[in-house]
Amino acid sequence: MTRAQIDGRFHLDRTTYEAIIAHARSDFPYEVCGLLAGEDGEIAKHYRIPNAARSMTYYSMDPKAMLQAFNEMDEHDWDLLAIYHSHTHTEAFPSATDVELAFYPDAVYLIVSLQEDEPVARAFNIRDGKITERKLYVGGAQVPAGSR
Amino acid sequence: MPIEVRIPTVLRQHTDGEKKVAAEGETLHEVIADLEGRHPGLKGKLVDDDGALHRFINVYVNDEDARFLGGAQTPVEDGDVVSILPAVAGGAHPRVAGSPETR
Chain A
1 MTRAQIDGRF
11 HLDRTTYEAI
21 IAHARSDFPY
31 EVCGLLAGED
41 GEIAKHYRIP
51 NAARSMTYYS
61 MDPKAMLQAF
71 NEMDEHDWDL
81 LAIYHSHTHT
91 EAFPSATDVE
101 LAFYPDAVYL
111 IVSLQEDEPV
121 ARAFNIRDGK
131 ITERKLYVGG
141 AQVPAGSR
Chain B
1 MPIEVRIPTV
11 LRQHTDGEKK
21 VAAEGETLHE
31 VIADLEGRHP
41 GLKGKLVDDD
51 GALHRFINVY
61 VNDEDARFLG
71 GAQTPVEDGD
81 VVSILPAVAG
91 GAHPRVAGSP
101 ETR
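Taken in sequence, the protein lines are chains A and B. My numbering applies: residue 1 is where the first sequence begins, and numbers increase by one. My numbering applies: residue 1 is where the second sequence begins, and numbers increase by one.
Since the hints were derived computationally from the structure, they do not count as laboratory data. Be aware that one or more of the hints could be misleading.
Listed below are the simulated DSS-like cross-link pairs for lysine-lysine, each with C-alpha atoms no more than 27 Å apart in a straight line [what the hints assert, rightly or not]: (1) A/Lys-130 with B/Lys-45; (2) A/Lys-130 with B/Lys-20; (3) B/Lys-19 with A/Lys-45; (4) B/Lys-43 with B/Lys-20; (5) A/Lys-45 with A/Lys-135; (6) A/Lys-64 with A/Lys-45; (7) B/Lys-43 with B/Lys-19; (8) B/Lys-45 with B/Lys-19; (9) B/Lys-45 with B/Lys-20; (10) A/Lys-64 with B/Lys-45; (11) B/Lys-20 with A/Lys-64; (12) B/Lys-20 with A/Lys-45; (13) A/Lys-130 with B/Lys-43; (14) B/Lys-19 with A/Lys-64.
Derived Cβ-Cβ restraints for the label pairs, each shown as a range [unchecked claim]: (15) A/Arg-14 with B/Arg-38: 43 to 51 Å; (16) B/Asn-62 with A/Glu-42: 29 to 37 Å; (17) B/Gly-70 with A/Asp-117: 43 to 51 Å.
For each residue, glycine too, the CB sits at the ideal point set by N, CA and C.
Could you put together the complete structure from these sequences and hints?
Below is the structure:
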């Protein structure tokens with residue numbers, strides 16, 4: 001398992017976590033992506049955004065669906081809390097591409113790996129090319145980062 | 001009525017934190033040039049040296065992706081809304097081995 005310096009936590013409620021895992025599984029082996037928005041760390045809305053690339057190794061959020069989500073966030077004064085995507089054949093750690101294309105320094109990058117039978121989710125910040133990891137909590141309990 | 005330009009969080013350093021700013025012009029290209037005069041530093045985030053929109057910046061006119069309208073040459077009118085969003089993209093390409101941020 002690839003590690004990064006731990007800095008902070010990220011909390012997900014169980015319903016949202018399970019919805020993200022279900023979304024990731026729904027288009028396997030292709031990567032899926034989405035956004036989490038809310039206030040004060042509380043998730044108010046989960047957006048499943050189509051992967052315009054529909055690829056096993058790349059995702060690119062559909063621009064129009066993305067704009068609709070951001071406009072709604074603006075209307076409600078929600079913050080973008082997290083950006084998630086799945087890795088279907090590799091571990092839940094940011095790839096070189098993920099780092100290169102991380103244009104949202106304030107967002108948590110949540111990655112779900114489906115390479116094993118059990119999904120593994122991990123949370124990161126990616127700022128100026130540097131990866132730090134947040135301890136991921138689901139429903140108040142820390143989630144193991146996986147065996148590798 | 002000028003053109004309303006919606007600025008994403010990551011670019012608000014150039015607009016004193018403003019979410020929406022006004023600009024004028026008859027094409028996106030002119031709007032971006034006008035923006036640069038009012039908010040220096042924005043232009044380089046939106047277009048390359050040849051004036052083409054950056055690949056990983058989404059620019060929309062009235063919620064339509066400008067790439068499918070005419071790129072930087074897309075015509076705009078007073079009252080139009082121009083939105084800007086950095087793309088969200090990535091994926092499981094192999095990580096660069098031995099990169100300094102991993103341990």
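- Task: Check each numbered hint from earlier against the structure, then list the numbers of those it violates in ascending order.
- Result: As far as the earlier hints go, only 2 is violated by this structure.
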